[in-house]
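Colleague: Go by the hints and put chain B onto chain A.
Chains as they are written, first to last, in this note's numbering: chain A, 4 to 248; chain B, 1454 to 1586.
Treat each hint with caution, since some may be false.
[As the list claims (entries may be wrong)] Ranges between beta-carbon positions, derived for each pair:
id	chain 1	residue 1	chain 2	residue 2	range
1	A	Ala204	B	Ile1553	30 to 36 Å
2	B	Asn1575	A	Glu115	55 to 61 Å
3	B	Ile1560	A	Lys178	55 to 61 Å
The hints are simulated quantities; they were obtained by calculation from the structure and are not laboratory data. The structure displayed is predicted, hence computed values, not measured ones. Cβ coordinates follow ideal geometry from the N, Cα and C atoms, glycine included.
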Amino acid sequence: MHVYIYDDYLNKGKYNKVINRIEIRLTDLGLNGKIIRLGGIKNIKATIQNEIKLGAKTIIAVGNNQTVGRIIGAIVDTDIYGDFQKKTLLGIIPVGDDNSIAASFGIKNEEEACNILLARRIEKIDLGLVGNHCFLNQATIQSLGTILEIGDYSLEIIERGEVKIINLLSDKNEKIKSSPHDGLLDIYIKTKKKDETRLSAKKFRITNPENKLILDSVAEIETPAEIGIMKDKVNIIVGKDRLFE
Amino acid sequence: MFSKDNKLENFKDAETVIGASIKVKGNFQGQGSIIIEGALEGSLKTDANILIGEKAKIVANIESKDAIINGEVRGNIKAKNYLSVGGTAKIFGDIQYGEISVEKGAIINGQLLMLSEEHKRNEKNKEETGAEK
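Excised from the complex, chain A in its bound form:
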């Protein structure tokens, strides 16, 4: 059974046409299912987990990065992640801006997303973890004053710029190589002095007293924070033009 989770912002009139188009396309492809609108729900996690228990095989996020993040938080609950959740597939239908996660999976627009759901090309993807929060693409923080403690050594950054902790590339023009299957996070630091740093790690601690860590351009987390990775944690329906092997 397919369960479509519509984000709150899709209630706005300007999205009516695109939602109609998606629903007609899904019906044509025989992919129609239950629709849940997040606008009217207080406990999103409980609602989604209930749908999984009721037998939802595919949960489809209709919205943007934030929608995907909220749904992953419910599917991959770090406390109760069980067999029934492992079998659940996640699909994405991107609508509007801020859809870098869908782009990483080769899903460019809503129409293509419907065809990708039909094709059901499945990839197991690692998930980045910061405390109880997950991220799919990347976590970012200002570089100046950031300290990374990795095993036996620490890195201190003494110039302004940005630290990216990448699980899944969202920009195909990025020079760094990163795989969401290797069980490693790629740390990429670029400063205003144009020098670059790159290394990989499984887990580390990050500290920056002045700035917050931003997960998938959505959630803000205070530091110090422990960062890790969960290997092959989520099954995602992807397009053939995805940005990884």
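Modeller: What follows is chain B alone, placed relative to chain A:
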């Protein structure tokens, strides 16, 4: 071993790069090739190759297969295979190497010790056994 003509080519796909704006403290250890352009204090070790950039300042013992030193190193260096010391290098410590080349202008303040043929053979055997696996 890399040839002396295209030695920098080996670092094009280095797994780890530490830029000039980074200070590393502690025991830095890697499996792949490492480029250091910033500062490092502690120790630096890899089974592959190490390149120390011109502006890098290292206070550490270094151990690798091949190494190119162009910056300042205060500590002992062991390059099991081949060591290239550039004209901008300043080394204050003892050096062990399989083979060495030193460019004009380099400063070396320490003892140079060539690793025995037996040691080199052992290293080569280890590499070949590793490659077979």
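Colleague: Each hint needs a verdict: does it hold in this structure or not?
Modeller: Against the structure, the hints:
no. : hint                             : in the structure
1   : A:Ala204 / B:Ile1553: 30 to 36 Å : holds (33 Å)
2   : B:Asn1575 / A:Glu115: 55 to 61 Å : holds (57 Å)
3   : B:Ile1560 / A:Lys178: 55 to 61 Å : violated (34 Å)
In summary, the one numbered hint that this structure violates is 3.
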